[in-house]
Amino acid sequence: MKLESKIPKGPLSEKWTSHKFNMKLVNPANKRKYKVLVVGTGLAGASAASTLAELGYQVEAFSYHESPRRAHSIAAQGGINAAKNYPGDGDSIYRLFYDTIKGGDYRSREANVYRLAEVSNNIIDQCVAQGIPFARDYGGLLDNRSFGGAQVSRTFYARGQTGQQLLLGAYSSLIRQMNTGKVKFHPRTELQDIVMIDGEAKGIIIRDLVTGEISSHAGDAVVLATGGYGNVFFLSTNAMASNGSAAYRAYKKGALFANPCFTQIHPTCIPVASGFQSKLTLMSESLRNDGRIWVPKKKGDNRAPLDIPEDERDYYLERLYPAFGNLVPRDVASRRAKEMCDKGHGVGSTKLAVYLDFADVIQRNGKNWVADKYGNLFDMYEEITGENPYKTPMRIFPAVHYTMGGLWVDYNLMSNLPGLYVLGEANFSDHGANRLGASALMQGLADGYFILPYTIADYLARTKAGKVNTSLPEFGKSENAVKENIRKLLSVNGKQTVDEIHKKLGQIMWEKVGMARNKADLENAIVEIPKLRKEFWADVRVPGSEDTMNTELEKAGRLADFLDMAELMARDALMRNESCGGHFREEFQTEENEAMRNDDEFTFVAAWEHTGDDSPPQMHKEDLVFENVQLTTRSYK
Amino acid sequence: MKVTVKIWRQKDSRSKGSFQTYPVDNISEEMSFFEMLDMLNESLVKQGEKPVAFDHDCREGICGTCGMFINGRAHGPISGITTCQLHMRRFNDGDTIVVEPWRAKAFPVIQDLVVDRTSFDRIMLSGGYISINSGGAPDANAIPISKISADIAMDGASCIGCGACVATCKNSSAMLFVSAKVSQFAVLPQGQVERKERVQNMVTSMDEEGFGNCTNTYACEAECPKEISVAHIARMNREFLKANLSG
Ligand SMILES: Cc1cc2nc3c(=O)[nH]c(=O)nc-3n(C[C@H](O)[C@H](O)[C@H](O)COP(=O)(O)OP(=O)(O)OC[C@H]3O[C@@H](n4cnc5c(N)ncnc54)[C@H](O)[C@@H]3O)c2cc1C
Ligand code: SF4
Ligand code: FES
Numbered sequence: 065m066k067l068e069s070k071i072p073k074g075p076l077s078e079k080w081t082s083h084k085f086n087m088k089l090v091n092p093a094n095k096r097k098y099k100v101l102v103v104g105t106g107l108a109g110a111s112a113a114s115t116l117a118e119l120g121y122q123v124e125a126f127s128y129h130e131s132p133r134r135a136h137s138i139a140a141q142g143g144i145n146a147a148k149n150y151p152g153d154g155d156s157i158y159r160l161f162y163d164t165i166k167g168g169d170y171r172s173r174e175a176n177v178y179r180l181a182e183v184s185n186n187i188i189d190q191c192v193a194q195g196i197p198f199a200r201d202y203g204g205l206l207d208n209r210s211f212g213g214a215q216v217s218r219t220f221y222a223r224g225q226t227g228q229q230l231l232l233g234a235y236s237s238l239i240r241q242m243n244t245g246k247v248k249f250h251p252r253t254e255l256q257d258i259v260m261i262d263g264e265a266k267g268i269i270i271r272d273l274v275t276g277e278i279s280s281h282a283g284d285a286v287v288l289a290t291g292g293y294g295n296v297f298f299l300s301t302n303a304m305a306s307n308g309s310a311a312y313r314a315y316k317k318g319a320l321f322a323n324p325c326f327t328q329i330h331p332t333c334i335p336v337a338s339g340f341q342s343k344l345t346l347m348s349e350s351l352r353n354d355g356r357i358w359v360p361k362k363k364g365d366n367r368a369p370l371d372i373p374e375d376e377r378d379y380y381l382e383r384l385y386p387a388f389g390n391l392v393p394r395d396v397a398s399r400r401a402k403e404m405c406d407k408g409h410g411v412g413s414t415k416l417a418v419y420l421d422f423a424d425v426i427q428r429n430g431k432n433w434v435a436d437k438y439g440n441l442f443d444m445y446e447e448i449t450g451e452n453p454y455k456t457p458m459r460i461f462p463a464v465h466y467t468m469g470g471l472w473v474d475y476n477l478m479s480n481l482p483g484l485y486v487l488g489e490a491n492f493s494d495h496g497a498n499r500l501g502a503s504a505l506m507q508g509l510a511d512g513y514f515i516l517p518y519t520i521a522d523y524l525a526r527t528k529a530g531k532v533n534t535s536l537p538e539f540g541k542s543e544n545a546v547k548e549n550i551r552k553l554l555s556v557n558g559k560q561t562v563d564e565i566h567k568k569l570g571q572i573m574w575e576k577v578g579m580a581r582n583k584a585d586l587e588n589a590i591v592e593i594p595k596l597r598k599e600f601w602a603d604v605r606v607p608g609s610e611d612t613m614n615t616e617l618e619k620a621g622r623l624a625d626f627l628d629m630a631e632l633m634a635r636d637a638l639m640r641n642e643s644c645g646g647h648f649r650e651e652f653q654t655e656e657n658e659a660m661r662n663d664d665e666f667t668f669v670a671a672w673e674h675t676g677d678d679s680p681p682q683m684h685k686e687d688l689v690f691e692n693v694q695l696t697t698r699s700y701k
Numbered sequence: 159m160k161v162t163v164k165i166w167r168q169k170d171s172r173s174k175g176s177f178q179t180y181p182v183d184n185i186s187e188e189m190s191f192f193e194m195l196d197m198l199n200e201s202l203v204k205q206g207e208k209p210v211a212f213d214h215d216c217r218e219g220i221c222g223t224c225g226m227f228i229n230g231r232a233h234g235p236i237s238g239i240t241t242c243q244l245h246m247r248r249f250n251d252g253d254t255i256v257v258e259p260w261r262a263k264a265f266p267v268i269q270d271l272v273v274d275r276t277s278f279d280r281i282m283l284s285g286g287y288i289s290i291n292s293g294g295a296p297d298a299n300a301i302p303i304s305k306i307s308a309d310i311a312m313d314g315a316s317c318i319g320c321g322a323c324v325a326t327c328k329n330s331s332a333m334l335f336v337s338a339k340v341s342q343f344a345v346l347p348q349g350q351v352e353r354k355e356r357v358q359n360m361v362t363s364m365d366e367e368g369f370g371n372c373t374n375t376y377a378c379e380a381e382c383p384k385e386i387s388v389a390h391i392a393r394m395n396r397e398f399l400k401a402n403l404s405g
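Residue numbers (the working numbering), protein chains in the order written: chain A, 65 to 701; chain B, 159 to 405.
Please note that the accuracy of each hint is not assured.
[Stated by the list, open to error] List of simulated lysine-lysine pairs, DSBU-like, C-alpha gap at most 30 Å:
id, chain 1, residue 1, chain 2, residue 2
1, A, Lys248, B, Lys354
2, A, Lys79, A, Lys685
3, A, Lys568, B, Lys160
Hints listed in this document are in silico derivations from the structure and should not be mistaken for laboratory results.
Use the sequences and the hints to build the structure in full.
As structure tokens, then:
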């Protein structure tokens, strides 16, 4: 299979403009004849669905949530990047592009990333026009802050609730189109399968989560904006229901899965407290603007943090990386925290934590200043841990947060299956091996508001509107397969709960396919995961029936897919004999424990093809070509 | 810790529900209230019973998905947080905890503690937006907005749409929820063009959905996990009056 990235020719800064000019258009009068099915209404899906409807297409949107406003995007705290250069500190589109490429450890496409930086400014304009109350200074202008991996202030924010405000903005655009009838929204419906007609994606099968009904929906194109698969680890910062099933079921229908092993572990999360922990809570990266990370210099030091004098503390990020200090990229900060704990400097009862200390800034600017900026995060921390971070440093530890991997897409955001588009965290496109903070919101909205609405026309213009309907046999066949799968899950009637097995999977993944990986562990994971999968299908217990709301059945379906995806992740990690970004292979590191890339052999996207349930997946390579930036070893010193 | 939970169980919207009582043992203080429910559900599943259905997703107080009455209070005994943020250290060993769904005509029960709040979406649909298409927006800094207005707008915009205000109100009024959105746009320059129709349409829609009238008991403000102020209701009343007076 030859992967065509469809990157337009010409100079980097002109590619997107000339591409927009060269693409086919759908005549305005014809747009209403085309129907687009949008699955997922988080930032990426809601922005895409509303924009497509504004342009005149018919849209049907689906989400397992009760309302689009509940999507996982709502939880993003810190902010969204844009190259506005309002603070006048030397930012530019090129700098945002460069930081993102470098932050991703040179494993993403130049052209995509440049386009992302280019449209970033439109996003901020759009959001302000929607009435999103971003933070402002006393002069009434927009305020910015800094995030990891950047030396300029380019992050726009709305208190600690930026994702919420952006999602409510996209939601408002979407309901406006629902009000005009151009978007039909199906709440509490979960995608079960993609239907392919003559090799093109033309429909989906969904399950109504309230009635259990399975139904078919036909359209002229299908858009997946279904988020990331971090919950394969069981514990992550993702919302409880976030899952990889939509992407995985597309993969089983022939869509390629790219760089599945690229996972982001976020450095600042509240550490695990009990065996019954159900999820991990992020403390926004923005805290690293003002908080200082340290551990005791002495191993196994059990004194309370306030009893440890200044000269017995190791502010290790400031020591190791004087230029970026506490604001190094996430992968670096996470790995160093793990290393400190592995060496015996960890703090708290489990010794799996480091301190994030605000004493200096409180002394410098006062408690009110800190409360104004981070108040809700501090409250959240106290509610969870019972400790007051104004008085004692926070304890933090890395946790799974984001998946850079996802379905392979070309420059137009179309997968290798014609008619199937993938947006937001669900695709693999822009973040390479490590995503910079405040860039996921930017990418989701760029994809939905400003990219897909153009690129999808190029496909639709070449197809006849309304070509398929649900009476075609492919739909019935697919519905039957879905029902069969559900019956199978309900009939195992074993002894273990879904969560028990999911926790076991999480354990394997965290230990062997987590923050630091090696060949032996990965090989072992590739044996262990299929064993656990067998155990699941022989011993899971899913009570209840398929014809009502059945939350255990929902979870079981998602776990079944995670059990497959986990193996793919391990295989990808084993194949990639280098360390890059969030993918750290212990065998490939410098003397100073920094990631060691192997550009000669691994400057490519690994796109995996499903070849059958009993045969290993096949890898295809898309070589990454760098014409504008030079591949250097990332240095944040 | 050991507690007894008395939970509302209801098969579906057509069935009649009732309370069921379950003991839950081996709880640790650090556990969240939902982790305690997870534990209960694990044991129910193992016995082949259907677990208690409850809505939740982010488990960090922002998605607005969770919500239940705990010992007679919306989102439980602690003010200013959602149910998912509640931790077991707030309870005592041996407590009996009574758990019920939101009860309001406009929020029918789907199963157990899960209710249907799509009526909120329909109110929003009637006017909770600024009519602007993607692309073509002016530069974000073209209109300065005072920090005070931006902060008031943000206070209103913080609403997570959980429905506690409705559930706790004896009239099942949605005034706090609706006014938070009306307020957000009323204080911003971007919201001015549709200011009049917005408040009229949203209030009409709220009435049509079967939410009750506001009699200023302020129970909503007391139970709102985001501490949305009733000052927004006052602002909305003024907006509504002004809109109607100007015809
Ligand atoms: C705690 C936290 C904080 C974050 N903070 C930031 C930040 O400050 N800045 C930043 O840039 N990024 C941040 N991120 C990352 C960012 O929030 C996400 O990557 C981004 O919001 C994903 O958006 P999305 O639209 O792709 O997917 P989501 O918001 O996850 O939406 C997925 C949608 O798909 C639907 N869906 C999924 N599967 C199915 C199915 N099978 N059937 C039907 N519907 C389905 C869901 O219902 C939902 O509507 C944060 C992430 C977390 C976890
Ligand atoms: S106003 Fe408060 S209680 Fe009411 S829906 Fe909004 S956040 Fe919930
Ligand atoms: S689960 Fe999201 S607010 Fe409680």
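Each hint tested on the structure:
1. For the hint linking lysine 248(A) to lysine 354(B), the alpha-carbon distance of about 27 Å falls within 30 Å, and the restraint holds.
2. Annotation: proposed proximity of lysine 79(A) to lysine 685(A) holds, straight-line Cα distance about 23 Å (limit 30 Å).
3. As the CA atoms of lysine 568(A) and lysine 160(B) are separated by approximately 26 Å, the hinted pair is consistent with the 30 Å bound.
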